[in-house]
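Engineer: In order, the protein sequence lines correspond to chains A and B. Residue numbers for the first sequence follow this note's numbering, beginning at 1 and rising by one. Residue numbers for the second sequence follow this note's numbering, beginning at 1 and rising by one.
Don't take every hint at face value.
Coverage of chain B stretches by chain A, computed from C-beta distances (three or more under 8 Å per stretch; other residues unrestricted) [to be verified]:
no.	segment
1	4-16
2	38-47
3	56-69
4	103-116
Calculated directly from the structure, the hints in this document are not laboratory data. For glycine and all other residues, C-beta sits at the position ideal for the given N, C-alpha and C.
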Amino acid sequence: MKTVFIDCSPKMRLSASGFIMRLTGLFVFGKKKKEKLRTPADHDRVLSEIADAETVVFSMPLYVDGVPSHLLPFLKKMELSCLERNKDLNVYVIANNGFIEGKQNEPLMQIMENFCDRSGIKWCGGLGIGGGVMMNVMRILLIVFLGIALMRTLLSGINEGIIFPSWPWIVYGKQILEVLALGCGIITFDIWLAICINRKKEYGKHYTRIMLPSFIFILCADIFFTIISVFQGGVFRGWFSKKKPTVL
Amino acid sequence: MKVLIHDRDLTFSDHEKEKYDRVIYADGRYAPCQGCFKCWTKTPATCVLKDSLQEMCRILGQAEDLVIVTENWYGGYSPAVKNLLDRSIGMSTPMSTYRGRQMHHTLRYKINNSVRVYVTGDVSDKEKETWKLLVERNAINWGASDYEVCFLDLQRDEEGADL
């Protein structure tokens, strides 16, 4: 069984879609191929990988309530290719959005289901994730925290002569547990999706989210964007101003 | 301001230009959104990609009546129109709020507008249902008080329906 995972995020690196896709891939058995789809130059390569695959997993961000525009021409090519070859293929979708509610991915799911209908391939369902970007930020933070734990261990060794102090690693363990607690919905639904992929079963449509009350998530998102906007200078360039078009 | 976005051709633009303040032909000759959010965090209401869509969010944000004519692609917008919409998220701000009991971004322009979408091409019944949901969701995101989706056969009537 060959499964092709397609990361459809336009981002070059550190995409939430890519991370969630790789997380799902950990629990999928058999031959696996991970592909990045950003530009038309990727189309033929990805299509050739799909040619001998039994399952395709699309992982993508929600853009303006739908599929990112750069993916649509690829879907059209894939539709024609599948119809031409009378291709037997199982399709699963992982969609994530910056809002907290996973349910906001529903139009995207329907668009992908309609794509499968037109292509004569099997729609096996999808997982819609709310706040997936936070999971992505947290895994980056975990790497930073690992560095801090290593640094503390080293400093403890130099200053106090303790070769392996336990406390930095207890702190790091707590941080890992916090991330797992916040992401438990995503991880559980992800494993369930992987089980369905392994068994070639229909998954249906399921929606999950980061395990935070929405008002706390909104507060975190606002703080995150404020900090980024201060560093990138947006707050000093008419952050909320009603700018008029300069080009007529 | 009354704005028309369409993916037909320049002849269609000429045909419709008297009825609108802005007619935008989505010709697809621009780059797709890179998901960098710099139109929120670095150069507000300006896309960092320097092409014809760089200030598109300013036009869409100030549209009291937004009319979109698009070919059906699986129950969603055509790539050229979707690209234009993806590149226009700067019409909102990075700050979040609740609308329709769900999380959404606050609006930069806060114009009580209407959205009408005319869909052309072959549309299945299932895709029609997707369209209705999609336009409803778009209207909530764009803060539109009124929205409508219509299915047209412009292939049959090249002069265009009364939009």
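Engineer: Hints first: check each against the structure and report whether it holds.
Structural biologist: Going through the hints against the structure:
Note: the segment 4-16 of chain B has 0 residues with beta-carbon separation from chain A under 8 Å; the three-residue rule is not met and the coverage is violated. Using a Cβ-Cβ cut-off of 8 Å, 8 residues of the segment 38-47 of chain B lie near chain A, which meets the minimum of three, so the contact claim holds. As drawn, the segment 56-69 of chain B meets chain A at 4 residues by the rule of a beta-carbon pair under 8 Å; at three or more, the given contact holds. Only residues whose C-beta sits within less than 8 Å of a C-beta in chain A count toward coverage, and the segment 103-116 of chain B has 4 of them, enough to reach three; the restraint holds.
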